[in-house]
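Asks: Given next are the chains, with one letter for each unit.
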Amino acid sequence: AQKVTQAQTEISVVEKEDVTLDCVYETRDTTYYLFWYKQPPSGELVFLIRRNSFDEQNEISGRYSWNFQKSTSSFNFTITASQVVDSAVYFCALSEERWAGGSQGNLIFGKGTKLSVKP
Amino acid sequence: ETGVTQTPRHLVMGMTNKKSLKCEQHLGHNAMYWYKQSAKKPLELMFVYSLEERVENNSVPSRFSPECPNSSHLFLHLHTLQPEDSALYLCASSQEVAVDEQYFGPGTRLTVT
Numbered sequence: 001a002q003k004v005t006q007a008q009t010e011i012s013v014v015e016k017e018d019v020t021l022d023c024v025y026e027t028r029d030t031t032y033y034l035f036w037y038k039q040p041p042s043g044e045l046v047f048l049i050r051r052n053s054f055d056e057q058n059e060i061s062g063r064y065s066w067n068f069q070k071s072t073s074s075f076n077f078t079i080t081a082s083q084v085v086d087s088a089v090y091f092c093a094l095s096e097e098r099w100a101g102g103s104q105g106n107l108i109f110g111k112g113t114k115l116s117v118k119p
Numbered sequence: 001e002t003g004v005t006q007t008p009r010h011l012v013m014g015m016t017n018k019k020s021l022k023c024e025q026h027l028g029h030n031a032m033y034w035y036k037q038s039a040k041k042p043l044e045l046m047f048v049y050s051l052e053e054r055v056e057n058n059s060v061p062s063r064f065s066p067e068c069p070n071s072s073h074l075f076l077h078l079h080t081l082q083p084e085d086s087a088l089y090l091c092a093s094s095q096e097v098a099v100d101e102q103y104f105g106p107g108t109r110l111t112v113t
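Chains A and W supply the protein sequences, listed in that same order.
Sequential numbering from 1 applies to the first sequence in this note's numbering.
Sequential numbering from 1 applies to the second sequence in this note's numbering.
For the record, the hints were derived by calculation from the structure and aren't laboratory data.
Hints should not be assumed to be uniformly reliable.
[As the list claims (entries may be wrong)] Take a look, some chain W residues computed to stay more than 10 Å from chain A by CB distance:
1. LEU11
2. MET15
3. LYS18
4. SER20
5. LYS22
6. GLY28
7. GLU56
8. ASN58
9. VAL60
10. HIS77
11. THR80
12. ASP85
13. GLN102
14. GLY107
15. THR113
[Stated by the list, open to error] Footprint (simulated), chain W over chain A, 3 or more residues, beta carbon under 8 Å:
16. 43-49
17. 83-96
18. 107-115
From the three backbone atoms N, C-alpha and C, an ideal C-beta is built for every residue, glycine too.
Just need the whole structure built from these sequences, with the hints factored in.
Replies: Shown next as structure tokens:
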């Protein structure tokens, strides 16, 4: 069954610290997609990254980086030199490319990690 | 307008009222979604539409009724709701179902009194 676990409920750091948000997933499929979204206090989810299961290359975008490891079923997200504007809830999500009893299109979200960056 | 828009942003309704939430996407996407986000619960997928055809209904009570008249518009019709239906309702769209990233609207904060 599909499952996404974000074990860290809340993290608090001081500005300029590096912080890593963990994401562990479960899937039976060989083809799947992983996502990270940011939800600032305004409420709107903002898409950050999409990764397919065949691409294990790490990605860096400015202060953001992602580490995808199939061996441990993890897709962790690191913010380098955190800033107050990074304060938000971050969601990891999983989608499988198959039809199985109506699960097509089902994006499974983790419960989110609330990041607070203090000045 | 750009991206995904939702109206109204806030809604207070009584349990006997009928109201509708509206979502419009300006991205040329083929798939649209309704999600419910309650306090202390993960995001719950409610409905998925692909090319105006419903492809997913996640055991949502019949007091929620979706409508997708075209690939750019999605409605959620509400009637005889319960207080536990109070939540943030988010609309999203993607190019194709499942494989593509979803772009979300700002949400409608619904309070049922």
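Asks: Hint by hint, work out which the structure violates, then give me just those numbers in ascending order.
Replies: Per hint list: 7, 8, 13, 14 violated.
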